[in-house]
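Student: Using the sequences and the hints, build the whole thing.
Single-letter residue listing:
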Amino acid sequence: MSGRLRFIIGGVLIAGAVVYLIFTATKASAQYFLTVNELLARKSELVGKNVRISGAVIGDTIKYDPQKLVLSFTIANVPGSNKEIEAEGGLEKVLHEAVIDPNRKHLKVVYHGPRPDMLKNEAQAIITGHLGEDGVFYADELLLKCPSHYEDAVPDQVEGGKK
Amino acid sequence: MLANIGYGALVLTFLLTLYAVIAASYGLYRKNAAWVESARNAAVLTFPMLTLAVVSIVALLLSNQFGIEYVSSVTSREMPLYLKITALWGGQAGSLVFWSWLMSGFAFVLLGRPWKRDREFLPWVLIVTMVTLAFFVGLNVFVENPFARLWALADGHIIKAMFRPHGAIPYVPPDGQGLNPLLRHPGMIAHPPMLYLGFVAFVIPYAFAMAALVTGRTDARWITLTRRWALAAWLFLSLGLLLGMRWSYDVLGWGGYWGWDPVEVSALMPWLSGTAFLHSVMIQEKEGLLKHWNMILIITTYALVIFGTFLTRSGVLSSVHAFAQSAIGPLFFTFIGITFTISLAVLMYRWNDLKSDLRIESLLSREALFAFNNMIFMGILVICFWGVIFPVISELVTGQKVTVGPPFFEKATGPLFALMLLLMGIAPLSAWGYASAKRLGRLLAVPFGISVLVAVGVYAIGIHKWGALLGFWLSAFVAAVILDEFVRGVRARMRRGESLPVAFMRLLERDRRRYGGYIVHLGIVLMAIGIVGTHFFATETQATIAKGQSISLDGYTMTYDGLQEWRTNDGRDVARAIISVYKDGKKVAVLHPRRDFYFDSQQPMTIPGVRSTWEDDFYVILVDWQKISEEGATFKVFHKPLVSWIWTGGLVLILGTLIAAWPEAAPEKRKKRVRRTRRAVARA
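The listed protein sequences derive, respectively, from chains A and B. 163 is the number that the working numbering gives the last residue of the first sequence; the numbers go up by one with no jumps. 684 is the number that the working numbering gives the last residue of the second sequence; the numbers go up by one with no jumps.
Treat the hints loosely; a few may be bogus.
Unchecked claim - Below are the EDC-like pairs computed for lysine to aspartate or glutamate, each with C-alpha atoms no more than 20 Å apart in a straight line: (1) Lys120(A) / Asp596(B); (2) Lys586(B) / Asp554(B); (3) Lys120(A) / Asp554(B); (4) Lys63(A) / Asp624(B); (5) Lys68(A) / Asp353(B); (6) Lys105(A) / Glu38(A); (7) Lys93(A) / Asp155(B); (8) Lys27(A) / Glu410(B); (9) Lys68(A) / Glu410(B); (10) Lys105(A) / Glu84(A).
Unchecked claim - Just so you have them, the derived chain A footprint on chain B, three or more residues with Cβ under 8 Å: (11) 104-117; (12) 358-371; (13) 380-386; (14) 600-613.
Derived from the structure by calculation, the hints contain no laboratory data. As the structure is a prediction and not an experimental result, all values here were calculated from the model. Glycine included, each C-beta is placed from N, C-alpha and C at the ideal position.
Tutor: What follows is the structure, given as structure tokens:
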């Protein structure tokens, strides 16, 4: 076997390994990223499945028990696509309207852990976890963004408590 | 006034860059050196012009000119002086100016002195650097103007504009919004400039690569000329990444240093392709091989640098709502698309000229192992890229947003990182050209034996996780190979009568590049040990305890001794817990985890108390506390074995890079060596 051929085989093996790794790791860790409406619409199918959702934090609903480190709050649906958000006047406005509009779909979220520094009214929450049978969303990870206040200069994990 | 001067400087810089590009092109077309010379003068002038713009911004920041939108968005009255200066890169508009300023500074260094040799590169280097600069300055002039003012319209709306809209009056907020508290940390102050220095410095090797392609000079001259630029870029990028990790660990209060979020990954990607580039150019210099590959690597690195600048500064971030959320997104993608396409087109045009008659002879030769190492780097890069863009792809294909998180990156890159460590151990001992398995085996026997002993020892002290064992074994193997190289080199010199320290220094001096590289590898090994330690053995717990009570974790016990609360004069309330840490019954440290609450942003900032030793870190976060009367507080506690090895490894890595990049003592000798290689290439 010539040196070149062996070299090519080596390269193909590495490329194959990379493709295999990408494929299996994607399959094992891919999560749906959904809006509150989408999640609730597919409730029966998604209960118990690991998903990621986004919504607007309603400030009045934030409750925290520092003894047990149990945090709960309610989020309101915000549109998922960028185009819709732009059309409705930008993220800040969309979040504000989502919070004050009583007709939006709401979802209660429960999280065990420290209260994230940036959890406040009208923050955008990006939450990883699963929907329970009881209709409550059990979060494993919270990311929070406050579009109004700062330019986005802070990496993700800043914006919430990572477990 | 100052804002007008600054904006004027930006506009002039933009015109200068356009002029430089046009004059250099015209000079090429007419074969007229005077036009190229004129272009060079224009390029050099961009630096003082942008310096003026930067000075204007800083002056506005320092003098609290909140009528300027950028100033009010990143500073506030009570911020200390140094933070006001660093607010230059605290927001998008300012950091783009900062990027351009660095680019023009590098162009100044590069083009400011007369080029006696390699003049055929000059016009093309000018064109590439100035097109890049024109893009960034253009963004500032037309889209993200840091000098735009705030105006109150007749209907009460506040808008931002450079010049007075009809019927508007200037609006000056009483105070600015201030820099995000989380960014008020030394690590965050140095982190963006370092990253940017690294990003921008990679533009120079790319410019030379393009110049070499266009002019058809397919030897390794462009690589020799830019070796130091590439090393400097790599050094700064590494520093930037390390500082970011350290900041994350010190400030973010989640006990980690790397979270695989898109921003981190986007800074890692050019580092990966840049590292591959640094390795594979050696093969071209020494053997005249892999010419196409090197071009592909530097073109990729350039594209990733622009992509990285965009991702780190554009609000794309976490939300998948995000690609192109900011106005500059489409512009960035267009620019990347155009430059990438043109670069590849030029490469295709020269494809046959870059062909070498030489082949990689042996699968175990140094060049073959380097090539495999390159493929692994690119493999990791592909995985990272996939992870970042997967949500976008999945939505395009299935209409459903699907994301992948840190587990994806860990699972997919872990085996490749392990493979890379293995190659890192074998490659230094293999020979250039032809290598026999027998000879390589003989050289590897001793380090391999040592590493197996280490692995057995690690197993004996009770570490039975196979992933950790593999990691420690590989680390020991690489370390043993490198130390063996040093020992053999020093011994050989000592036999000639040199003392140990002299022999060591001379060894480094004789081949800085090689031994500097080994030291870099040693740094990577130390970091690998730290990463394995924290990945496999970190533990955490949380509890609410009253004063005098304690929490135990992994042989440590912490006792809550008390809480202090006070108000500072720079706008925050501080709550600070006093914690005693005991290990094996002995008091080893007093820690002060705290929470600062900033009024202006209504945001708390959690600062951990950390006891750090080479063995492990004991890391405490004050989660919450009750009023003094109840005297209870909630803590989250992390035990992080070996985490300090990461920081030590980072320092070693930087030291090694400096050694490798330091100018050689005797430049004549080097030149001769290069010339000889080139002759060899030409002969071949």
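Student: All hints are to be evaluated individually against the structure, with a verdict given for each.
Tutor: Status of each hint after checking the structure:
Among the hinted pairs, Lys120(A) with Asp596(B) is consistent with the structure: their alpha-carbon atoms are about 16 Å apart, no more than 20 Å. With a CA separation close to 14 Å, the supplied pair Lys586(B) and Asp554(B) stays within the 20 Å bound. Taking the CA atoms of Lys120(A) and Asp554(B), the gap is about 35 Å. The hint is violated against a cut of 20 Å. A threshold of 20 Å between alpha carbons decides the hint, and for Lys63(A) with Asp624(B) the separation of about 13 Å falls inside it, so the pair holds.
This hinted pair does not check out: Lys68(A) and Asp353(B) have alpha carbons roughly 70 Å apart, beyond 20 Å. Between Lys105(A) and Glu38(A) the CA atoms are separated by roughly 10 Å; this keeps the pair inside 20 Å, and the hint holds. Simply put, Lys93(A) and Asp155(B) have alpha-carbon atoms about 19 Å apart, close enough for the 20 Å limit, and the pair holds. Restraint check: the Cα-Cα separation between Lys27(A) and Glu410(B) comes to about 13 Å, which is no more than 20 Å; the hinted pair holds.
Using a Cα cut-off of 20 Å, the hinted pair Lys68(A) and Glu410(B) is violated, with the two alpha carbons roughly 31 Å apart. For the proposed pair Lys105(A) and Glu84(A), the alpha carbon gap of about 17 Å is at most 20 Å, so the pair holds. Figure legend: the stretch 104-117 of chain B, annotated as covered by chain A; annotation inconsistent (0 residues with Cβ-Cβ distances under 8 Å, at least 3 required). Judged by the Cβ-Cβ criterion of 8 Å, the stretch 358-371 of chain B is covered by chain A as claimed, because 7 of its residues qualify and three suffice.
Check on the stretch 380-386 of chain B: 3 of its residues sit with their Cβ under 8 Å from a Cβ of chain A, so the three-residue criterion for coverage holds. Given a C-beta distance limit of less than 8 Å, the hint that chain A covers the stretch 600-613 of chain B holds, as 6 residues qualify and 3 suffice.
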